[in-house]
Amino acid sequence: MTLAAGTRLPYLLTWRLARRELRGGLRSRFRGFRIFLSCLVLGTAAIAAVGSISSSIGAGLSADARVLLGGDLELRIHHRPATPEQREWLASSGRLSEIVGLRAMAGRTDGKDRRLIELKAVDDAYPLVGTVALRGGRPLADALASRDGEHGLVAAEALLKRLDVSVGDRVTVGDAVFRITGVLIGEPDRATRGIQLGPRVMLSRAALDATQLLKPGALSEYAYRILLPPGTESGDFRDRLTRAFPDAPWRVRDPTEAAPGLTRFIERLTLFLTLVGLSALLIGGIGVGNAVRAFLTQRRPTIATLKCLGAPSGLVLRIYLTQIVLLAALGIAAGLALGALSPLAAAPLLADLLPVGMRAGIYPQPLALAAIFGVLTTLVFSLGPLMLARDVPAAALFRQAVAPARRRLRARDVAVTGTLVMALAVLTVLTAGDRLLATWFVGGAMAAFAAFRVVAFGVTRLAAWWPHPRHPQIRLALANLHRPGAPTTSVVLSLGMGITVLVAITMIERNLGARIAEIVEEQAPAFFFIDIQPQQTADFDALVRSFPGAGAVRQVPMLRGRITAMAGVSVSDIQPPPHHAWVTRGDRGLTWTRTPPESGSRIVEGEWWPADYDGPPLISFDAEAAKAFGLAIGDEVTFNILGRQFVATIANLRRIDWASLGMNFVVIFSPGALEKAPQISIATVQIGRESEDALEAAVNSQFPNISAIRVRDVVADVNRIMGSIDIAAKAIAAVAIVAGILVLSGAIAAGRRQRIYDAVVLKTLGATRRNVLTAYLVEFTLLGLVTAAIAAAAGSLAAWAVTTGLMHVDWTFTPGAMIWTTLVSVGATLFFGAIGAWRALGRTASPLLRNE
Amino acid sequence: MHEQSTTHFRDKLPIVALSALELTLSSTAGAVEILRGIDVEIGPGEQVALVGASGAGKSSMMMIIGGLERASAGSVVVAGLDLTGMSEDELALFRRNNVGIVFQSFHLIPTMTALENVAVPLEFAGHADAFALAAAELAAVGLGHRTGHYPGQLSGGEQQRVALARAFVTEPRLLLADEPTGNLDGDTGGQIIDLMFRLSERKGTTLLLITHDPALASRCARELRIADGRIVGDVTRLVTPR
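Chains A and B, in that order, give the protein sequences.
326 is the number of the first residue of the first sequence in the numbering used here; add one for each residue after it.
4 is the number of the first residue of the second sequence in the numbering used here; add one for each residue after it.
There could be a bad hint or two in this list.
Sample of chain B residues lacking proximity to chain A, with all beta carbon distances greater than 12 Å (derived) [to be verified]:
1) Leu16
2) Ala20
3) Ala23
4) Asp42
5) Gly77
6) Thr87
7) Pro113
8) Ala138
9) His148
10) Leu157
11) Gly159
12) His215
13) Ala224
14) Asp231
Stretch-level coverage of chain B by chain A, calculated; a stretch enters the list once three of its residues show a Cβ under 8 Å from a Cβ in chain A [what the hints assert, rightly or not]:
15) 97-104
16) 117-130
Treat the hints as calculated values from the structure; they're not laboratory data.
Yeah, the Cβ is synthetic: ideal placement off N, Cα and C, and Gly gets one too.
I would like the entire structure built from these sequences, with the hints used as guidance.
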């Protein structure tokens, strides 16, 4: 007889035995699995929901991409139209539509109020795809048509409200008067512009000339959309376009890049929320591990019996692994179902925030990812207890006390678990858009787990080592922290991880909020004034400086241009570093000055040019961008400014504080190069909130073409978006907290039998209920305080790393968040501890003592 | 029903052969010598009672014979197999093929019906007709009508009958019984013992029975007395079959 031959038992037997244990067991024996299931449902639902909602938005974006872009291809040029030759070539290639966008002021005809608007002048072909929706259903062409020498204009509701005018009234834009002919309720290509600083206004291309706003250098943007003839590949067309106009200053986009800003934003937000969701799953994993351990401890006699009857250890492992996996599948399936349905729930909530409709549907990829995360987490946290259960000796039936349960894993088991942990880590990193952030998260999570394990071990050892206090309650409390089966490790891990996530998110949010508030209150100007014509600069300066209450005024010339080569290498041959790709992407604002900027940046390398410099063009470059592109002082950078090539040498590098919301430029030219180019000036003005309206009115009445941007309004918009992000982050973080509380309450409840027995024995020996309750409260206060202290430190560290390392924002320690979370932590442990103690104390002594 | 080819060895070779057997366990209070040099042979079909005071080493000796515990020194040969070098899984296979065990606390698997409990060892051994054999065995112990009941729905006596059926269903060459009536009242215990002896005689199974009960011990043809980890008495008597 060969013994080994019999060890390969059919998997059918595994399944049969596992099913027998599961059968009818869900009601009673698997009661401990309520927390197991809840943790898995919460964690996978959070990840699946984030992924599904993100995919729904992505699907909406790509389904509407042509409409969002406004055609098959779009070309954008700053400040000037395409040449007649270019226009003709484009018009011969397909259906062409030309639109001009700029910021301007719209005002009441009585001069009482003026507001910044986002102006869009459209031709008859607009929109090539999709439709513009006006309230009442009037066609756009009809609304914009000129009647009796008066141009029509349509505007978003917000402008009508702000100016207190209605359809049929007249408004001024630049030098022209318009009749409001409609309220704009739907703009097909609205996602393609960046930050909107005012309500949208549309007028006809012909009417724009009447406003006299298109002065040389005005901050305008020309967009050419093309509908290609059927059968034309956009790639082929792009190639022909490049060959025909190799040096044209436009930026070309096709539907895959219809809303690049939004796509990037959604990707980053998705990753951030997925990581928070993963934290929830990991915290839930502790609950999964606890439930599996408790279940297997209860099954020890059965396992030993099976072994007595000849079951090999591998079979035992498979029987229980099968059960755990089946139960996990239940929880994961429920989580996936919730996640899959989440786009339906989120769609109405996000409708106002998104420029595109979400395509609610089932997205297999994020669901599969959430399922894999769920399965891996289950395995990582339950394999340890399962492997220990596999090694329960048959002799356990006879000799429990002398041969205690094996407590250490075999080296091979550790390797298997380690491999699964690595798989989880690798999956997290590989599926993330920003691998660096994901790697930091994985490292942070592992470090936090390790740290809290060490803390739990330390607390246990310290409690055991501590000289016995004379006070019996404190003695009992200390004993409860280190006795075998004490929930110390689970409580420290679950509560600690949960609080860490909460502290980190709260502190990041407070820091960003505080930084924005500080900038707005102390540093940021109240106004940006744009489109100041060269002949207006002196009068504008005089007006603003003489205005009562006006503080610092800065006025700089500005023109736009793009970088075409760096150190002799064409930009098209440079792979831009991800965080600085914007430097070479399209036109950038450029300026020139004789003296270094007074605020917002400082020179870190090189020398500033003399005030009377009049040599070959020099430039001052952003130090971080220079580092990212590998540029150094003395390197040449080539620019295309309004169609002309300029080669300039880097003279110095500046470190720029972008967060100061002042006027900052990546590139500043030396005097001599750009003075002759058509340019406008922009200005910042600091002034008290109470004088803002008056200053705006004064500037507007004297200079109708100058647009005023209120920083406060922009910041309010940014804050509104930040607020929405914050709600999303808090919602997912709440899942992590709930998972933590579930695990915490489960861990405390697991020791209930022991506590009831302790309480009964103590009461029998003459302890009052107050004595026992005090002991429990001391125990949980100690545990809560220690955990909260460590978690607050870990959370602050994580918040510091994210704020300074990833967001490049100055760090301020906010003790308020820390104190608040500490209180919550201690409160939570006390609350659940008190519930446990209360139940224990409610029991009468006699039945328990008889049974024992 | 199995291993027919080895039948001719039964008359010649002992089913259990312990030689210079020692067992030392480590505990928090230091090493404890449980068994101190046991030399015993038990022949095929023998019915042996193992008696002695609590802590004398009865259970330990039985566990070593059943492959549930490893000897610290000496040799253990059971059913012709040397257990000393076997791995955990080889020992499990050895039990499955050679040994039936009956416990004081029955140790039925609470999630399985009586029929499934009895069928489990056959299933481990890969028998296609495990459930038919198990049903027949349950009928033999008088529980043919309770096959679908769970242990929690059976009385103590019934549970021990199921345990007996489970121990005998594989037709083991050796049955180990540790105080099989310890948790039962006198009448029920008597019935169980009758059943156990009947089955062991009918199947020719060697029986090793731990007991504190002198009356029960006297039903076995041979009585081994153990004290302080050593065999201090080995009595063979004539037993009148009941």
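So, going through the hints one by one against the coordinates:
At roughly 15 Å from the closest C-beta of chain A, the C-beta of leucine 16/B stays outside 12 Å, upholding its exclusion from the interface. A cut-off of 12 Å between C-beta atoms confirms that alanine 20/B is not in contact with chain A; the least separation is 18 Å. Here alanine 23/B stays apart from chain A, with its beta-carbon at least about 21 Å from theirs, past the 12 Å limit. Every Cβ of chain A is farther than 12 Å from the Cβ of aspartate 42/B; the closest lies at roughly 23 Å, confirming the non-interface assignment.
At roughly 18 Å from the closest C-beta of chain A, the C-beta of glycine 77/B stays outside 12 Å, upholding its exclusion from the interface. Listed as a non-interface residue, threonine 87/B keeps its Cβ farther than 12 Å from every Cβ of chain A; the least gap is roughly 14 Å. Distance to chain A contradicts proline 113/B as a non-interface residue, since its nearest Cβ pair spans about 7 Å, not more than 12 Å. At roughly 16 Å, the least C-beta separation between alanine 138/B and chain A is larger than 12 Å, which holds for a residue marked as non-interface.
For histidine 148/B, the shortest C-beta to C-beta distance to chain A comes to about 21 Å, beyond the 12 Å cut-off, and the non-interface label holds. Once the 12 Å rule is applied to beta carbons, leucine 157/B is consistent with being away from chain A; the minimum gap is 16 Å. Listed as a non-interface residue, glycine 159/B keeps its Cβ farther than 12 Å from every Cβ of chain A; the least gap is roughly 16 Å. Against the 12 Å criterion, histidine 215/B stays outside the reach of chain A, whose nearest CB is about 16 Å from its own CB.
Against chain A, the non-interface label of alanine 224/B holds: every CB pair exceeds 12 Å, the least being about 26 Å. Against the 12 Å criterion, aspartate 231/B stays outside the reach of chain A, whose nearest CB is about 17 Å from its own CB. Coverage of the stretch 97-104 of chain B by chain A holds. Counting CB-CB distances below 8 Å, 5 residues qualify, and the rule asks for three or more. Counting residues of the stretch 117-130 of chain B whose C-beta lies closer than 8 Å to any C-beta of chain A gives 7; at least three are required, and the coverage claim holds.
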